[in-house]
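From just these sequences and the hints, can you work out the full model?
Read top to bottom, the protein sequences are chains A and B. For the record, in the first sequence the residue sitting at position 243 is 246 according to my numbering, with numbers rising by one throughout. For the record, in the second sequence the residue sitting at position 162 is 165 according to my numbering, with numbers rising by one throughout.
What the hints contain is simulated information worked out from the structure, not anything from laboratory work. Warning: the hint list may mix true and false statements.
You can't tell identical chains apart in this list, so a pair holds if it fits in one copy or across any two.
[As the list claims (entries may be wrong)] Simulated pairs of lysine-lysine, DSSO-like, Cα-Cα distance not exceeding 30 Å: (1) 226 to 141; (2) 262 to 304; (3) 64 to 124; (4) 48 to 168.
Number of protein chains: 2
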Amino acid sequence: MSVAKAEAGKTRIGWIGTGVMGRWMCQHAMAKGFAATVFTRTKEKAQPLLDLGAAYADSPKAVAERSDVIFAIVGYPKDVREVFLGTDGALAGSKPGTILVDMTTSEPSLAVEIAATAKKKGVHALDAPVSGGDVGAKNAALSIMIGGEKDVVDAVAPLFEAMGKTVIHQGGSGAGQHTKMVNQILISSTMVAMCEGLLYAFKSGLDLETVLKSVSVGAAGSKSLDIYGARLLQRNFEPGFYVEHFIKDMGIALAEAEKMNLFLPGLALAKQLYEAVRAQGMGRKGTQSLLLAMEAISGVKR
Amino acid sequence: MSVAKAEAGKTRIGWIGTGVMGRWMCQHAMAKGFAATVFTRTKEKAQPLLDLGAAYADSPKAVAERSDVIFAIVGYPKDVREVFLGTDGALAGSKPGTILVDMTTSEPSLAVEIAATAKKKGVHALDAPVSGGDVGAKNAALSIMIGGEKDVVDAVAPLFEAMGKTVIHQGGSGAGQHTKMVNQILISSTMVAMCEGLLYAFKSGLDLETVLKSVSVGAAGSKSLDIYGARLLQRNFEPGFYVEHFIKDMGIALAEAEKMNLFLPGLALAKQLYEAVRAQGMGRKGTQSLLLAMEAISGVKR
Numbered sequence: 004m005s006v007a008k009a010e011a012g013k014t015r016i017g018w019i020g021t022g023v024m025g026r027w028m029c030q031h032a033m034a035k036g037f038a039a040t041v042f043t044r045t046k047e048k049a050q051p052l053l054d055l056g057a058a059y060a061d062s063p064k065a066v067a068e069r070s071d072v073i074f075a076i077v078g079y080p081k082d083v084r085e086v087f088l089g090t091d092g093a094l095a096g097s098k099p100g101t102i103l104v105d106m107t108t109s110e111p112s113l114a115v116e117i118a119a120t121a122k123k124k125g126v127h128a129l130d131a132p133v134s135g136g137d138v139g140a141k142n143a144a145l146s147i148m149i150g151g152e153k154d155v156v157d158a159v160a161p162l163f164e165a166m167g168k169t170v171i172h173q174g175g176s177g178a179g180q181h182t183k184m185v186n187q188i189l190i191s192s193t194m195v196a197m198c199e200g201l202l203y204a205f206k207s208g209l210d211l212e213t214v215l216k217s218v219s220v221g222a223a224g225s226k227s228l229d230i231y232g233a234r235l236l237q238r239n240f241e242p243g244f245y246v247e248h249f250i251k252d253m254g255i256a257l258a259e260a261e262k263m264n265l266f267l268p269g270l271a272l273a274k275q276l277y278e279a280v281r282a283q284g285m286g287r288k289g290t291q292s293l294l295l296a297m298e299a300i301s302g303v304k305r
Numbered sequence: 004m005s006v007a008k009a010e011a012g013k014t015r016i017g018w019i020g021t022g023v024m025g026r027w028m029c030q031h032a033m034a035k036g037f038a039a040t041v042f043t044r045t046k047e048k049a050q051p052l053l054d055l056g057a058a059y060a061d062s063p064k065a066v067a068e069r070s071d072v073i074f075a076i077v078g079y080p081k082d083v084r085e086v087f088l089g090t091d092g093a094l095a096g097s098k099p100g101t102i103l104v105d106m107t108t109s110e111p112s113l114a115v116e117i118a119a120t121a122k123k124k125g126v127h128a129l130d131a132p133v134s135g136g137d138v139g140a141k142n143a144a145l146s147i148m149i150g151g152e153k154d155v156v157d158a159v160a161p162l163f164e165a166m167g168k169t170v171i172h173q174g175g176s177g178a179g180q181h182t183k184m185v186n187q188i189l190i191s192s193t194m195v196a197m198c199e200g201l202l203y204a205f206k207s208g209l210d211l212e213t214v215l216k217s218v219s220v221g222a223a224g225s226k227s228l229d230i231y232g233a234r235l236l237q238r239n240f241e242p243g244f245y246v247e248h249f250i251k252d253m254g255i256a257l258a259e260a261e262k263m264n265l266f267l268p269g270l271a272l273a274k275q276l277y278e279a280v281r282a283q284g285m286g287r288k289g290t291q292s293l294l295l296a297m298e299a300i301s302g303v304k305r
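So this is what it looks like as structure tokens:
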């Protein structure tokens, strides 16, 4: 099978979900000369893209009818299922040769199901979740982890490269999602490490800023500490990444681990701690809010 | 109080414990022109330093009798207590104005006790544990975290700067040890994160090297992954840092946390997992052996 490479000025893209991530990702593709049709649940969120010349369609199906490659980045696996496989979903509007790309962090098994269902119609599908957050999306610096057939990945490469700096084909359908799960597993216990370290530092009477100078340079360093250390010193808990989305990701990873008969106690603990963060009303705060929840549990007043 | 700054060719240093770390640290000080007298439990381990012109003394007390600043880097808190406060310890051989520096990772409360006991004799004491491992020691690139009085820290600065790249005064007695505990708390759950991530990656059928390319660049990155990722791909479990020493450090941190009434479940879990590593006979392997223990628990065969 050979799939035509996406080409600016020729390949028409569709975009479903123009939130804090999707809006920038679509914009970067448009900046490379790809015409876009967009759909999003809250139409006002699409306005910046419409202002740049994107067309609007009333459903994922309608997007697909006017597009060659359709991307989605939405919230939860149920949303992914609906926008791809639903009655008004993108697959319903696809013709043979269309390519569907899910960039949501979602279930590996759903990625496999979408690809298999699409294949029956001669439609291709990739799973391509990303890491890098809103800042990575804005700066076209995302890490994109891709599952699917190699020639389809190659065909979409010019579009991925418009959005990300690290574009890597990880294997067959679901491999992108599995890689993203690895990413989230790594982050989960590292966030626990960071919050426990800062909590101990505060309670033992150390100066947090001075401590960070000592510990961030050596073996204890992490991207979490780089990203959130300074924000936590300023007591800034605003979202870069929502607690409730992180809980969703960890839930998927734990469910996959259970299917694979894998013992991941650090992940299970991290998810439980984040349940406490959400229970304390911080589901829509940033993931660094774990520190606040753990301070509350230990009765630490700041 | 003013304390004379250490000066090459004039200030005589003493060194207790010339193992994988201490040997290099003492050598770097000698290379700056400081004459050294050393003591170590296994005399052969001191030979490289004796070959470079160091004198040997038969006890920490005898070391102190011939030195102005006495460093120790030994194994456990009980060893620290013995070499500083024992009948044949360094304090017994110290005169007023002598400076004692413990660079072992040890108990914050013991650091406070040594400093208070020393003070009664007009002797100064610092706690100055390090991060960076044998490689950091060899390359004089350690992070040195110091607790004690500022003028004493300033007096010893030329010696610290011979051994380390990041030399930071963290506060009064015990603050160096508390900072090192923060460092070890950060590492503990980050190691759990890394091993769980790699275990998931392997079990889900991904190619580990390709996965690392995607996840090490973004928010999931850590120094642990930088240091151990490649070694784990090669199934290299040789020690950079011993499991049994890490267990000691986590034990100290947990005991301090309990005294402070602090909830640190990630640290507690990490220590338990490392107990499993030791129970599986890997106490003298490197801390990356956690992966092996977790593979065994999940019945993963490599």
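Results for each hint:
1. For the homomeric pair residue 226 and residue 141, the shortest alpha-carbon distances inside one copy (19 Å) and between copies (26 Å) are both at most 30 Å.
2. Taking the shortest Cα distances, residue 262 and residue 304 sit within 30 Å of each other only across copies (17 Å), while inside one copy they are farther apart (41 Å).
3. In this assembly of identical chains, residue 64 and residue 124 lie within 30 Å of each other by CA distance solely inside one copy; the values are 14 Å within and 84 Å between copies.
4. Only within a single protomer do residue 48 and residue 168 lie at most 30 Å apart by alpha-carbon distance; the minimum there is 25 Å, versus 49 Å between protomers.
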